[in-house]
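Protein chains: 4
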Amino acid sequence: METRTDKTHPHGYSADKDALLKRLRRIEGQVRGIARMVEEDTYCIDVLTQVSAINAAMHKVSLNLVEDHIGHCVVGAAEQSQATGDPSIVEDKVKEASAAISRLLR
Amino acid sequence: METRTDKTHPHGYSADKDALLKRLRRIEGQVRGIARMVEEDTYCIDVLTQVSAINAAMHKVSLNLVEDHIGHCVVGAAEQSQATGDPSIVEDKVKEASAAISRLLR
Amino acid sequence: METRTDKTHPHGYSADKDALLKRLRRIEGQVRGIARMVEEDTYCIDVLTQVSAINAAMHKVSLNLVEDHIGHCVVGAAEQSQATGDPSIVEDKVKEASAAISRLLR
Amino acid sequence: METRTDKTHPHGYSADKDALLKRLRRIEGQVRGIARMVEEDTYCIDVLTQVSAINAAMHKVSLNLVEDHIGHCVVGAAEQSQATGDPSIVEDKVKEASAAISRLLR
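Protein chains in written order, with this note's numbering: chain A, 956 to 1061; chain B, 956 to 1061; chain C, 956 to 1061; chain D, 956 to 1061.
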C-alpha cells in the first residue's frame, strides 16, 4: 500500500527547485558584485543599475513561488475543502496567499 | 427549475462590490485633487505625498481583486478540474492569475 | 526693476503643467472606467489589467514630479547653499526628496 | 598641506560605505538562507516572507544610493554648472538620476 508522501514534495516548487536554486545562486553573486562595486567606489548610477537587476531577479523568484503556491497549496486546499465539505480549509489558504502577495507589493 | 446564475455573480467580487466601488470613487477624487494641486502650483513634495496615497489605495484595490480572483475563479476552476478530471482548467486559471500578479509587481 | 517671481513658478513643473494635467485627467477617466467595469461584473483579470495600466500611468506622473523636483528645487537649493555658504539649505532638500522617493518605492 | 582627494571619494557614498557594505553582506546571507529554505522544502509562504524581507533591505540600499547620488553628484554638478555657466552639466545629472529612479520604481 502506498501513502501520499506530502513531506517530500509538499509545496509544489520541488519540480522547479533546481531552476529556483540556480536563480538564487546567481542573485547571491549579484549582491556580492554590488558589495564589490561599492568597495571600489563604482559610480553610484552603475551600482543602482545593478540593484534594479537584482530587484527584477527577486521579482521572478517571488512570482515563481506565488505561482507554485497557488497552483499547489491553494488548489490542493480547494480539493480538500470539496472532499471534506469544509470551506475554511481553502479560505485560509487564499487569505494566506493574498497576505503574502500584499507583502510583495508592499 | 433552477438555472445556475453564474452570470450575475461571476467573479466573486460582487459581494464586496459596494466597498470596492466606494474605494474607486475616493481614488477618482484623489486624482482630481492632485490635478488641482498641480494647477495651483502646490509644492511638488506635497503632490508626491498625495501620489503615494493613491498608489497605496490602488494597491488595496489590486489586492481585493487578486484575493477575490484566487478565492473564486481559481478555487472554482480547481473544483471543475476535479469534477471533470481535466487539470488544464485550473492550470490555465493559475497561469492567468500569476500573470496578473506579475503585472502588478511590474 | 524686475524681481524674480518664484511664487508663480515655484516648483518647476509649471513648464510641463499641461502635459501633467492631461495625464492626470486621463488617469481620472481610467479610474472611472474601472469602477464601471466592477459595476458591470467584468472578469477580474481584465479589471486587474486596467489597474496595472493606472499604476504605470501614476508611475510616470511620479517620475515627472521627482525629476522636476530634483531639477528645480534641489538644484535651486544647491545654488542658494553655494551663494550663502549654508550647506543645510540643500541638505534639507535632498533629505526631503529622498523621503518622497522612499514613499514612492514604498 | 591638504589636497582634496575627490578621486578617492567620488560618489559620496564612501562615508556610509561601511554601513552599506554591512547591509549588503546581510542581504547576501539572506539570499543564501532562502536557497537553503528551498532546498529543505520550507513552506512557500515562509519563503515568500523572507523574499519580502530581502526586497525591503534592497529598498533601503537603493534609497541610500539615491540619496547619496542626489546629495553629491547632482549637487556637485549644480555647483559646476553655476561656476561654468553651463546648465547642461547639472541637467545631464538630473536626467541620469531620474532614469535610475525610474528603473527602481520599475
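Watch out, some of these pointers could steer you wrong.
Given that identical chains are not distinguished, each listed pair holds provided it fits within a single copy or across any two copies.
[What the hints assert, rightly or not] List of simulated lysine to aspartate or glutamate pairs, DMTMM-like, C-alpha gap at most 20 Å:
no.: 1; residue 1: K977; residue 2: D1041
no.: 2; residue 1: K1050; residue 2: E983
no.: 3; residue 1: K1015; residue 2: D1041
no.: 4; residue 1: K1015; residue 2: D973
no.: 5; residue 1: K972; residue 2: D1041
no.: 6; residue 1: K1015; residue 2: E994
no.: 7; residue 1: K977; residue 2: E1034
no.: 8; residue 1: K977; residue 2: E994
no.: 9; residue 1: K977; residue 2: E1051
no.: 10; residue 1: K1050; residue 2: E1034
no.: 11; residue 1: K977; residue 2: E1046
no.: 12; residue 1: K1015; residue 2: E983
no.: 13; residue 1: K1050; residue 2: E994
no.: 14; residue 1: K977; residue 2: D1047
no.: 15; residue 1: K1015; residue 2: D971
no.: 16; residue 1: K972; residue 2: E1046
no.: 17; residue 1: K1050; residue 2: E995
The set of hints was computed from the structure by calculation and includes no laboratory data.
Results of checking the hints against the structure:
{"no.": "1", "hint": "K977 / D1041", "in the structure": "neither (39 Å within a copy, 32 Å between copies)"}
{"no.": "2", "hint": "K1050 / E983", "in the structure": "neither (31 Å within a copy, 28 Å between copies)"}
{"no.": "3", "hint": "K1015 / D1041", "in the structure": "neither (34 Å within a copy, 28 Å between copies)"}
{"no.": "4", "hint": "K1015 / D973", "in the structure": "within (14 Å within a copy, 30 Å between copies)"}
{"no.": "5", "hint": "K972 / D1041", "in the structure": "neither (31 Å within a copy, 25 Å between copies)"}
{"no.": "6", "hint": "K1015 / E994", "in the structure": "between (28 Å within a copy, 18 Å between copies)"}
{"no.": "7", "hint": "K977 / E1034", "in the structure": "neither (32 Å within a copy, 34 Å between copies)"}
{"no.": "8", "hint": "K977 / E994", "in the structure": "between (26 Å within a copy, 11 Å between copies)"}
{"no.": "9", "hint": "K977 / E1051", "in the structure": "neither (27 Å within a copy, 25 Å between copies)"}
{"no.": "10", "hint": "K1050 / E1034", "in the structure": "both (16 Å within a copy, 18 Å between copies)"}
{"no.": "11", "hint": "K977 / E1046", "in the structure": "neither (33 Å within a copy, 25 Å between copies)"}
{"no.": "12", "hint": "K1015 / E983", "in the structure": "both (14 Å within a copy, 17 Å between copies)"}
{"no.": "13", "hint": "K1050 / E994", "in the structure": "neither (43 Å within a copy, 24 Å between copies)"}
{"no.": "14", "hint": "K977 / D1047", "in the structure": "neither (31 Å within a copy, 26 Å between copies)"}
{"no.": "15", "hint": "K1015 / D971", "in the structure": "within (13 Å within a copy, 30 Å between copies)"}
{"no.": "16", "hint": "K972 / E1046", "in the structure": "between (27 Å within a copy, 19 Å between copies)"}
{"no.": "17", "hint": "K1050 / E995", "in the structure": "neither (45 Å within a copy, 24 Å between copies)"}
When the structure is compared with the earlier hints, violations turn up for hints 1, 2, 3, 5, 7, 9, 11, 13, 14, 17 and for no others.
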